[in-house]
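> Residues per chain are reported as follows:
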Amino acid sequence: MADKEANIYIVDVGASTAECHNGRIESDLEYGMKYVWEKIGLALQANRKGLGLGVIALRHDETKVDLEDVEGYENIAVLKDLGPIEMSHLKDLQKKIVPSSTDFGDALSAMILAVHMIENFTQLKTGKPGKYKQKRVVLVTNGQGPMDGNDLDSLAEKVNELEIELIVVGIDFDDLEYGFKEEDKPSNKRRNEKVLKVLVESCKGGKFATMAEVLESFAEPEVKVPRPYCNYRGRLSLGDYNKYADTAAYIDVVRYFKTHQARPPGASSFVNKTSVSNGEASGQDTEMTDAPDLSAVKNSTTYKIFDPSAPGGKRDINREELSKAYCYGSTAVPISASEENVTKLETVQSFEIIGFIHNDKYDRYLNMGECNITVAQNVNDKAKMALSSLIHALHELDSYAVARIVTKDGKDPQLLVMAPSFENGVEALLDVPLPFAEDVRTHSFPPLDRVITISGATMKKHRNLPNEDLVKSMSDYVDSMDLSTFGTDENGQPTEYMTIEETYMPGLHRINQAIRTRAVQPDKPIEDPPEVLVKWSHPPSELAKKSAPKLQKLVEAADVKKVADKVRGKRTRDQIKPLSGLDVNSLLNSQKPRAARKITMANSIPDFKQLLEATVSSSEILELVTQMAEVIYKMVANTLTDGSFDIVTANMRVLRSQMMDLEMPEIYNDFIRAFKQKLIAGELFENNFASNERELWFRVKSKRLGLIDKEVSEHSDISKEEAAQFYVLSTELPSRAK
Amino acid sequence: MAEGNESWKNKDDQEEDEEDVDETAYTTQKDAVLFAIEVSESMLAPPPHSDSKKSETDSATAAAIKCAYQIMQQRIISHPKDKMGVLLFGTEKSKFEERDDNDNGNVTYPHCYLLTDLTVPSAADVKALKAIVEDEDEAQSLLKPSEEPVDMPNLLFCANQIFTRGAPDFASRRLFIITDKDDPHSANKALRSSATVRAKDLYDLGVTIELFPISHPDHKFDRTKFYDDIIYRDPADDGGDLATAPRDFKSAGGDGISLLNDLISDINSKQFTKRALFSNMKFEIGPEFQISVKGYNLLQPAKPAKQDWVYQGGETNQIVKPESARLNDDDTKPVEKDEIKKAYKFGGTQILFTSEEQEKLRSFGKPGIRIIGFKPQSMLPFWASVKKSTFIYPSEEGFVGSSRVFSALWQKLVKNKIMGLAWFIARQNSSPTIVAILPSEERLSENTGLQLNPAGLWLYPLPFADDIREAPDQLTQVFSPDNLTNEMRTVIKQLQLPKGIYDPSKYPNPSLQWHYKILQAIALEEDIPETPEDKTVPKYRQVEKRAGEYIHNWGQLLEEATNVYRKEHGSGAKHERADSDGPVKKKVKTEGLDNVGDDELKKIISTGKLAKHTVAELKDLLAAKGLSNSGRKPDLIERIEQWADEN
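Residue numbers (full-length UniProt numbering), protein chains in the order written: chain U, 1 to 738; chain E, 1 to 647.
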């Protein structure tokens, strides 16, 4: 259904294209192919059946034309017939597109051939022309071949008749508008340029460009424009028109996406076909493959139930033996197949206005998602007029409508806020989804313009509040960084800087571009993101420079100090006191001397923390950690077969974070190594089940309780890789009993 | 067809697209709350008599239990994974967990009655609470105060053990104490200091105490007497609960609000810990000038919990968690995570990247918010909306002085109605977005004084050029005449929502509520309600009452105006056709066939225009004539022609 296209690229591969010109170190052909490969890459990426693409080589060593009479078409070869393109074609083309050893071959003949091919291709079986969004012939040449410029008119006529866009992209062609002129141009090239220009100008959709400009324009990412998508067609109603036919109203409308988040392409998972040597990186991943040595990864789901009689306490069960259920708290409520929809709210398609609000009382940050646009149905004057009156009235009253929509029978209702819009001369209602009561989390935060103390007093002056100087310099700085008139429009007038239309999704375009590049040049390493994608990552340098003095003042007034890394954590330790400021620690120590206290199972975490606070020597710390380790081992042993390891991991987490705070990661690392050792040796559990051990290790792994590495604590000597490797428990345990 | 286009997203692709979620985020997601409700003579005393119609009937303890009951039901919906427990203290009876632990035997804590163990509440838990709330006898037997004075260290250690066993490794654990006794150990110094030590234990365990003090008409609760010694505030929490001055609750109810509602609204505002989405995030106000902020997810679409699988073959229903494994499609051997390579579909093949390359492709720099500049808020088009915003609030953890700078920026944005624009990378390797920075002003509830809306800044994600969809073609515009617009203005004025604002709290999600209402009824073995309560449905009667007359007028004006318009421009359909030689080359619009008489139909056939009708129209016609409407278009046309011949 997508719009169909038929595009032919005519590539000049004449012997002269092997030369390098104008200081480039790549040949003319390589230079020109940058453009063609990118175009082919884009077509491959679009992956649409209706996207026809053909490639013709001009000034080729061979003649390969599907015509009865090849006279006049010598040295022209169709390398790829017009039709959908696949990766195999690309591989094939890459092999075939190399500079030839001839300079013969007429570009105009190639164009005639291309037009002929398009005509045949786009024709329906009935002989009528098919509907195409785009028909295009692109000639890429260095303009140095012989050319018979006699029959330009008939070619142009045919091109216009078929509504083909004829585009000539010339390597080092003169383009005064763009500002390029080649010095010492060979005379035949000058003549050819002139002929081609005349031809292009006599074609309606003709374009004539120099390669440099075209390549430059590639920096601007191509935005995919999907067709308008209608998600609601029906009535927009005010009141209940079924019940109050006379005093309620409805308008026939259609609703379309106005914004819809574009997503980067998703990757699928693969593994090497012959799983060589337990998962070691084979070092060939970078190679682009046709995927013969890859096999897909599929997800398989198994269901297990607790069964004390089964080995490991669990047994597999078929999905057929299970029924669907919803959870009400921790209670599973089975729902039989027949009443599957019992909890579903029955709804019918509808779009109803609930009421109206003032537009300045709507907080934009409540928007929950994408915008839609609603217009009256076409060919319905009454609906158009009715909607127009609503739109104008809303506009005049500075109001928004609040509405409830059910886009299809059975879909969940959604609340919307609707605003009038007159953009591009189209009257419409725009809407964005509103949050429901359950979607808003109320958390209180201290106000930003005053400080309330614990006792409830309000203060207007406080170190957390800006003084007048800071308020003033912030205001000046913000004003100096105004973007609303920083841009320049076509007429050189100041205009808004960085409009939404100029911003491209970096994640999306970067990955798409990388995929295309890799497809064409498998060996090329990943490059930094192109400039256009990071253009908005910093304030415009000109503006920043201008406002630097204001910023300087702001910085001085703000007097912000970076918190030194080391102080963190420790600093808060000293401050642990209840609201009253009572010194509980000394109270604690006065009750019982430290040496007499031990870590108890029941109160292990507070005991450990409190004892640790009272320690002075590292031997005391070591002794405490040993105690804690014993507690942890005992907790593991006490864990029931179907119990959770949360108590264990909670204690390990405390141990780990305390050692990090004390900057003694090696103590924890020693512990966790010993822990893993015991686990593998099967010393942790009394009744030994491999599944239990795997489960425990899985918990340790998922809660990131492994080795403390350098990145986390500068006092560690463990590398990130080593820490990651530590989590692997692959072959050391017998595999799970089935 | 069109719909197919949109939903056409390869399932595999989608599930592979997950960004690596940090596992630690998982633990921080869970929250456990234990209610500790005091049972004593004064807590059980009925409220003093009042003439007010809304006068209080519940004792403080009863109100607190009711409150717990309601909160429990709410949490099941809003936070189905979180745990909750209810502990009564000062009761004559004592009860602790019923688990048979090998080393602890039958531990009980005197005069502590664990009404609901700290777990994800089950239907039985809800039922048990309900029984006490609704059944006088049940309540009476349980709510009997002990003769002995309350023992706080005992209570605190009991709570400690409940948390240690019931919710280990929960990032957020809170103890809500509801009491009217502000100085439980005035006479016993040893118990008092022992309580402070036990409170310190709780703090070290990671349990926060929230106090809900109840004042009686003759006694105002004084926190400084005892509770300030056992309550801690994390200095890293940036003041957190200092937002509004500490409150106490009046047993007599005052200001027309019952103690119950007062408690519920206050607990509601505190029951979920603020879960920072990110903390110590660099917020670059200008080049080389940074402060630190925290981010919060204050908006989150609530959805029903996913469907589970349950095994009904055993003695009790057992929830079965599916375990998924990744297998090699060729030999169905399990695949380790680090063996997996990611490949993109491209032109019928796969394009591979190593995981390092993947990482590099995703990397646009370190996480942070960097201001690019400022614009008036009016430059934010209404349609520029793609997803929910994130709330940010200053934190001193990275830079001392962040709060005052943030406040200065906030004040400026509020005052001049300006927005910041920033480049925002939320996490390591997450794709950058461009956000508008919008200020929000503090709003307090008129009734309770509680904060409804915090002051701060919001990171409002802007769409990219790639997110903008093309609008549909609008063939012709028809403009409303002034009198019609004026009538609509009256309608709009008549149908203002209260205070002219949208207040989300007035609109619970009907699907979600219905889902849980049904579930609750099934789970508690109650009657299944028949009609859902849906507050999002417009109030038709009010619309009728307030604006019916004007809507009627508007309808008549519309009729007239349309007639006038049609006279001037010809009838709608014709008009479209006449106009359509412009850019509009859509298919020639045909009138449907449903109202076509037999003669007319014959005429259509004879002029060969039948083929211009759509298959759907032809099928409708055939169906109307009682003929088979299957087959391809030529078959349909033939069948119609045949019918016309015969009739």
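Heads up, a few of these hints could be off.
What the hints assert, rightly or not - Some but not every residue of chain E turned toward chain U, in silico, with C-beta under 10 Å: (1) ALA128; (2) SER430; (3) GLU470; (4) PHE479; (5) PRO510; (6) GLY631; (7) PRO634; (8) ILE637.
No wet-lab data here; the hints were simulated from the structure.
Even glycine gets a Cβ: it sits at the ideal position worked out from N, Cα and C.
> What hint numbers does the structure not satisfy?
1, 6, 7 and 8
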